[in-house]
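A.B. asks: Each chain, letter by letter, is given below.
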Amino acid sequence: MADPIISARALFKSFPSGDRRIEVLRGVDLDVSAGESVSIRGESGSGKSTLLNLFAALDAPDSGEIVWDGSATLAPRRRGALIGIVFQSFYLVPELDARANVLMPSRIAGKVDRESRARADALLAKVGLAERLHHLPNQLSGGERQRVALARALMNRPKLILADEPTGNLDEHTGEAVMELLLGLCAETSTALVLVTHNAVHAARTSRRVRLHDGRFVAVE
Amino acid sequence: MPWYLYLALKQLFPSGKRFPFFTAISVLSVALGVALLVLVLGVMGGFGAQIRRMIVDTQGDVQVRSSSFIEHPHKVLAEIEKVPGVAAATPFAEGVVMIENENKPAYPSIEGIDVNRIEKVIPLRKYIRAGSLDDLDDDSTILSYELADSIGAHLGSRIEVYTPLILEKLKRDEIVLPRVLKVVGILEIGHQQLDSSVMICTLRTMQDLYGLGNAVHGINIRLKPGVDADAAAARLNASFSADSGLRAKSWYEINKDFLWVLQLEKNMMLFIMLFVVLVAAFLTMSLLLVLVLKKTREIGLFAALGAERREVALCFCLQGVAVGVVGTAVGMVLGFTLLHFRNDAVELLTRFTGSKQVLERFYQFNQLPAHSDPRDIVIIILSAMLLSTLAGLVPALIASRMKPVDALRSE
Ligand SMILES: Nc1ncnc2c1ncn2[C@@H]1O[C@H](COP(=O)(O)OP(=O)(O)O)[C@@H](O)[C@H]1O
Ligand SMILES: [Mg+2]
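Protein chains in written order, with my numbering: chain Z, 502 to 722; chain Y, 30 to 440.
Chain Y with its partners taken away, still in its complex shape:
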């Protein structure tokens, strides 16, 4: 071990002292900064990942829509399923309806699904909280749970559904009765907006409600694992004839703006949080500066004992590096531990403040998700290390510029 490394470590962790106060404070300051970054970016990334997963879960990897309706969905489905990379496809029809239960109205989005195909594309079953997907037939519906709550519906309730088609008929003075659907399932996706405004029925029912005949609005596609969604969308588009009016878009393309905002938000957070680490680095630097001043005479001594100037500088710089390495490691452990227990922490916090509902309402989630992007972790490690090294560099330069004689003369 070169002497400057030996001495750097000895000065950080002196033999006799059980608790090196100076070192502990520097390491802790870096560790707290790093832990905060890991925690904040982990939760931010968790929101992002959850939103992405929800998008893919509810829309499939690729969505095909037509400029008008898809009149012959089965022909198109057969065509789509021949395209390489496609695992499964399912048609859907969508719209907005007014529903009523016990005189309480609501205006949810409604989606008609093909019960025979849906599960190959969308893992709907895992979001069903009560009832069963198997019970869904042409006279029943599945409601998202907040929607059901808001109109007081539960399993077995019969709700009345009014569609724009009924309005058309009313204009022609026809007598119309609302369609009555029985609630056979309650859905919880975990996203407040979806959970308060979505209902599901069979494709047949939806086609009746909207007078679509055999037509559908679009087709959701699940790709084989590892297939790139953009590339698959391009292949699909190439396979459609020009006059079909069909167009495939990847989930990524459909939600591009939204995803971009998410990423921007996270990058901004990373940038702002880096200042926290910067503050920690300044603390380390000022502590090292104090050390250099305290050690001025030793700087002269090492020269007298045969040390080169750059070695003396390295000795101080390495202390910054060592603080950075240990601080980053401790911070990582601390950060991931906090991340692991995040929900307990939130639970505790909201229990004290009684604000669990508020949290759900405004943040759309009832559990704090976490996802740590390896890219973020690398950035955190590199910047913490870089800043700590710089923190050691300033005192190191001061030390190396000092003439040994002046250092020895200083009292």
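Bound-form chain Z, shown alone:
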């Protein structure tokens, strides 16, 4: 098997709660390789988002280690290059139109040129928004916004997509379409995917399924 894109060992994470600490993660291990897709399910508050934050190096574990594509640290710029993130509530920049939002990761990486613009347009076309390039987020529906966010996550050709309940704010039908796109695009570009979802049907479509319970992964099926 190829080297994993992300490899987590014995992750522990707790948060202060009053004068005690609640242990959210108690020894999580996970390896995700290129082209693989992993779904994580679990009750609300079981620590799924916490785990994704650790994977994105937006937060640090109390103990345990994570190796990202062969390196034990992940500086901001490299995060932007290696990982694309899709949030439950889209997080588009309201002042920017769809195309500028998709271009954002590229802009932060410091390369906006003809080629990246063309790529942004192509990605938007792929998610079915070719006609919406210059719409502001508030002129788009929820499903359309999440598709813009999807295009944005793919902009820098990441090796890994972290998606935290990407359909959580969408109705069933729209969510279905977004999920179709997400899984399709990841498969097409052999981008690894870690998908947090409540939806068993969506989870069933990933190559591997785990469940977070009591701070640990338990296998399903």
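Read the hints as simulated data drawn from the structure, not as lab findings.
Just so you know, even glycine gets a beta-carbon here, dropped at the ideal spot from N, CA and C.
If a hint is listed, it holds; no wrong ones were tucked in.
Simulated DEER-style distance windows between Cβ atoms: (1) Y/Leu411 with Z/Gly536: 50 to 60 Å; (2) Z/Arg578 with Y/Asn296: 45 to 55 Å; (3) Y/Leu411 with Z/Glu524: 48 to 58 Å; (4) Z/Glu616 with Y/Leu426: 30 to 40 Å; (5) Z/Gly669 with Y/Pro49: 28 to 38 Å; (6) Y/Arg47 with Z/Arg578: 32 to 42 Å; (7) Z/Gly611 with Y/Leu426: 23 to 33 Å; (8) Y/Leu426 with Z/Ala561: 18 to 28 Å; (9) Y/Leu426 with Z/Phe516: 19 to 29 Å; (10) Z/Gly669 with Y/Leu426: 29 to 39 Å; (11) Z/Arg615 with Y/Leu426: 33 to 43 Å; (12) Y/Pro49 with Z/Gly611: 19 to 29 Å; (13) Z/Arg717 with Y/Pro49: 44 to 54 Å; (14) Y/Asn296 with Z/Arg615: 52 to 62 Å.
Straight-line alpha carbon distances no greater than 27 Å define the calculated DSS-like cross-link-like pairs of lysine-lysine that follow: (15) Y/Lys149 with Y/Lys111; (16) Y/Lys39 with Z/Lys612; (17) Y/Lys432 with Z/Lys612; (18) Y/Lys39 with Y/Lys432.
Assemble the complex: chain Z is given as a structure, and chain Y with the ligands must be docked to it using the hints.
C.D. replies: Then chain Y with the ligands, alone, in the frame of chain Z:
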């Protein structure tokens, strides 16, 4: 363009919105503060500049006086004119007299001038409002216009002049008649105090009135353009022999205390007015703070997209800077425009309140002068920019201290 600058500009001037309300208010607050500073300091500076010009116009660049009288003015004049930097010199004799016209008395200062030399030193002609300097002879006088008004004199009037010498003669029981002078000119300098209390006659007449013989009280000197008055005064003093009793002082030295007060007054005004800009900066800061709170989740987003913390901070700080730059520019334009139309504004105001005379009386000027010192402008620009940057810095620090996870979690 780095992304944080791009985003800072985009947040200030969003693509879709035609009128960014938030930006307009911040820019306007800075602009009004700056405009006010430009206007107030411009007018203050105008008063200062006008007073300085008037001093130099009426006293020359350098004045030479003696410990008693200058007995042989022509010898001294020849000596002075040899000193490098001196363009021209003119003698004067001065005093106070009582004058009377149609039983109305006044007690003006009188100055005897050398009509052949005066114009090389003092641009008297440009202040003559009626009559002519050319008509001034030993039997005539030029009155400042408020003085003429107060005794009901006009061109052609014959006024009686009494001097201290007449008092001396009265004490010795001599019969004396006042000297009669014909008014041949009316003077308007534009300074209320001078305009109400100055009369001019020839040096000969003044020497007669005061019994001076050939002596004069002092010599006014005009320097060649660009010559430093203090340095020229020093050179003059070096050229005088020790027992001559002569001493040269630059206009600056003569009026040092007065000029210092003027400068102090202006600096105080600048200092006080800076608080206006400070208030504007606080407004900008609070608006930016609101923005940061509104944007909290985006702060987390940018981190997720690969941004460094200091770049996120810069993004907010630059918004303060941008508001400062635009606000200062708009304020400058506004301030100088107001300055340009200041007299129309005053005209309008005094017409409504009917207070033009009062203004002239108490402020000594009938036109609002303006002069913007480049130093003041630089201070205004720098402080407006500095305060706006600081206004952006506070929200920027808050943004940069926020952990991306916490920012993303906030709803
Ligand atoms: N920054 C934090 N401070 C305190 N408690 C936190 C913080 N982040 C998460 N938690 C707690 O950790 C638990 C797991 O949260 P989360 O990872 O968001 O759950 P999930 O995404 O599975 O619903 C929750 O009980 C939550 O209250
Ligand atoms: Mg969650």
